[in-house]
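Participant: Assemble chain B onto chain A, guided by the hints.
The residues making up each chain are set out below.
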Amino acid sequence: MALLSKKDANLILDPLADNNPITIQVLGICSALAITAELKASVVMSISVLFVMGLGNVVISLLRNLIPSKIRIIVQLIVIAALVIIVDQVLKAFAYELSKTLSVFVGLIITNCIIMGRFEAFALGNGPWRSFLDGIGNAFGYGIILIIVGFLRELLGSGTLFGIPVLGDPIAKTGLYAFGYENNGFMIIPPAALIVVGVLIWIQRAQNKSLIEEA
Amino acid sequence: MKQALHNYKEKIKGNKWAPAFNAIHTFLYTPNEVTHKGTHVKAVDDLKRTMNTVILSLVPCLLFGIFNAGYQHYSAVNGFPESFSLFEHFINWENFMLGITTVLPLLIVSYGVGLAVEFVFAVIKGHEVEEGYLVTGMLVPLIVPIDTPLWMLAIAVIFGVVIGKEVFGGTGMNILNPALTIRAFLFFAYPTWMSGDKVWVHDGVNGVTKANSTDAISGETVLGYLAQNRTDEYAYSLSDMFYGFIPGSVGETSTFLILLGGLFLIFAKIGSWRIMLSGVLGALAMGLIFNAVVDFGWIGSYSKFYSLMAFDYWKHLIVGGLAFGIVFMATDPVTAAQTNRGKWIYGFLIGFISVMIRVFNPGYPEGVFLAILLMNVFAPTIDHYVVQANVKRRMKRASLAQANSNFNTQNA
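Those sequence lines, one after another, are chains A and B. With numbering that gives the first Met the number 0 as the guide, the letters of the first sequence map in order to residues 0 to 214. With numbering that gives the first Met the number 0 as the guide, the letters of the second sequence map in order to residues 0 to 411.
Chain B on its own, in the form it takes in the complex:
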């Protein structure tokens, strides 16, 4: 079988469809081409390995999202359990079935459509299919609401991959993170499906009612409550928020699992710890500033920003998509800053601006994706100035050294 495929590959070399065939072929088998000449650096962490590591670190979030989809739905219908027990109420067959039937289609559409676009472009341009979509395809279902209609997701994926990536030249050349481009497109194109209190719980948009009641089920996010100054109404405890038993996009609720994924990325040396750390610091800094504004009494409880401003600064990290964004989106090596000092600035501003958008725009409390897209655009500028500063400093040092040596030779 393997040999037959190789013979076929040799036969169609140069053919229009060769890239499409090669993509599937290298996905299934190791090609038996070997280099014959010269010295080569052999490293295990090629692009595919990097991508696979990121996907691996996302799997816990995906699994959690599947169970949480069921948990949120059944809790909205039947009421939240009095005393929560992980295995009785969360990890059970019912939740899993509901989750898998809602999340799996999102995952399939995301990968199917995205890879189809990649194949089409590979065939048109005659280059090999790039692995760039593997991570994007995994991220997309995790950052959309559970009931996003599949055709909308498909259109958004086509838009994100074509306009966000292919027009710039494909994987590695894109300015914006494709997964966030897809989410931004969905957000601006179909806002009713992306915000509000109905979209975060399965069947909320279909008007399914609570058991023994005529009220439609709903699940407002913590940030949603805060943006409407309804601070006292949400019943989620701190541990709920940290472990992720709250409504939200499919895979971004569990800060705990995101933290594990982030540590895994850091130890695998794939995610940049500088971006993650500075992102957290930036969010804390902005949160502290807002808390100070409240503490000094510069803003009263009548203000529409009051609840979000008074929200403890460190709690911003465990609600909404901030943690997910900082760990999995901001660290995208293509769109992030490249220099180490640039990464500190880039990450810090992402955290800082995310919290700022959250507070100042109650229309959409989830500003993380906007902050990251904005900083994606600025990343090359940050790098430019970091590099220039370095050049200047070294020039200065060089001329000083030159002057010193001149001085020494004269005095010698």
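So that you can see chain A by itself, here it is in the shape it has in the complex:
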């Protein structure tokens, strides 16, 4: 017997490609633009969102019959805020330098529209197990785009991956730099992330024509 039924498996797999929160639903763009200049920050951000979204979806799903619908947004915000504070404190305790790089953007997970969107669209109407799968599925979909963008931007912009030089030393002119290669300063600035995300959307739609809306 399969670990997950086909319907449950789709909850995880769909957001990875055909219903990706960033490239298809175009949510959570702000953090995708702001913190993807380095791969490490992208990965940590993805893990943080994975934690908040997986757990948050479960909590909301458990509470779904108790929350009066008039104040549900506030309840959702409290749940997200509580989880984000946990993430923030853990980062400050165990990865202080990184938490400084991510600075305000960990706190801003609260405003990440993907999380609120999944609470509203899914967790309020489904059981905890399925909500959990939906949460981590969407977080993976978010994370995979963040990591692709972070990879390209750090590689082309700084010539490093996870802070480790992979293209040679730009000052001592070794590796690629010996041939006159230079880092692309454009990739460091946020507009480059917008263009990279745009190109990803373009590639995805070129692969799968059914995603293209009618004009």
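Since the hints were derived computationally from the structure, they do not count as laboratory data. All values reported here derive from a predicted model rather than from experimental measurement. Incorrect hints may appear among the rest.
[What the hints assert, rightly or not] Here are the simulated PhoX-like pairs of lysine-lysine, each with C-alpha atoms no more than 25 Å apart in a straight line: (1) Lys172/A <-> Lys197/B; (2) Lys99/A <-> Lys39/A; (3) Lys208/A <-> Lys15/B; (4) Lys47/B <-> Lys124/B; (5) Lys124/B <-> Lys208/A; (6) Lys8/B <-> Lys124/B.
Facilitator: Same frame as chain A, now just chain B:
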């Protein structure tokens, strides 16, 4: 030969590579298809003719740029000639050889890479290759520093053509001017190659030294001197600036030749005189405002903006890329405003904002390309409001006329 090619064309019709073949074919020969039915308007100024006219008007700038490359290089090495004579110091074989070996590769890379991208997209999309790149390919080498590494130019051209044009649907659909997109990309990606005092003279970045000295050669642009408040240090006279014997991007230094090119475009009815004129007026207006600020004593010579603000308002037109931008970039019919009134607003703001960026951002005194890109984005909005205003005015007139005629019929 010609017939054989036509037979081949018929054979591969509908084939994936047909657009690529057709592009080369129509470039070399007039196709022998003729229309059989209906009435057709026959006009000589098709897209290819328009493009060719613009290219023709750019040739003087290109030739001047070739000689100026050599002149600036040898003057930086050997010192500027005491008494300048055009044929002795400028138009000579030495300058030409140096210029042609530095400028021609830029031109070849620009056209080669750009047309390759166009071909690839034509084959993928299955449409005919468009002529849109012909002018862009000519503009690009003219607006970059002489020693721009060729691989950087190639990457920038790919970026500019793909992101600036093809994603919007190709020639005629682009929001931003592709040539300026290419320059903006270069500027933000490789700033050390696009600004400073080393990049404007050939071999400056390689640390070649002056004759009988250990100082590296350099050539600061006039705006560069002003941005650093070193007003007294540049030795270029007004006529140097006007005729273009100053350091700068390859083909944008000679205001005189740009003026000729601009007049040619106006008489050929291809460039919009409204945009050019209002662009000049906008630059003068902003320059006058800055001069007034200085004259009223609101700003002291300690300010880092002082030199640029005190720079005579009309001199802004003859230094830097302002003239080139207004004449050849702002008038791009695809990205400019389309309505006549819109063109006045669009051009005026380009001149106005260019001078503003020049003065307020000493980091990059050459703000013309940013101003034009900004106004490219706003051009559709300007047109929208011009058209709406027109609609409103005519509605009002129509309802007035209606009311009058009602009134008349009642009284009759």
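Participant: So, for every hint listed, does it hold in this structure?
Facilitator: These are the hints, each one checked on the structure:
1. Between the alpha carbons of Lys172/A and Lys197/B the distance comes to roughly 20 Å, so the proposed pair stays at or under 25 Å and holds.
2. Our distance criterion of 25 Å between C-alpha atoms is met by Lys99/A and Lys39/A, whose separation comes to about 13 Å.
3. A hinted pair counts as satisfied when its Cα atoms are at most 25 Å apart, and Lys208/A with Lys15/B qualifies at roughly 20 Å.
4. Taking the CA atoms of Lys47/B and Lys124/B, the gap is near 21 Å; set against the 25 Å cutoff, the hint holds.
5. Pair hint Lys124/B plus Lys208/A holds up; C-alpha atoms about 14 Å apart against a cutoff of 25 Å.
6. Between Lys8/B and Lys124/B the CA atoms are separated by roughly 19 Å; this keeps the pair inside 25 Å, and the hint holds.
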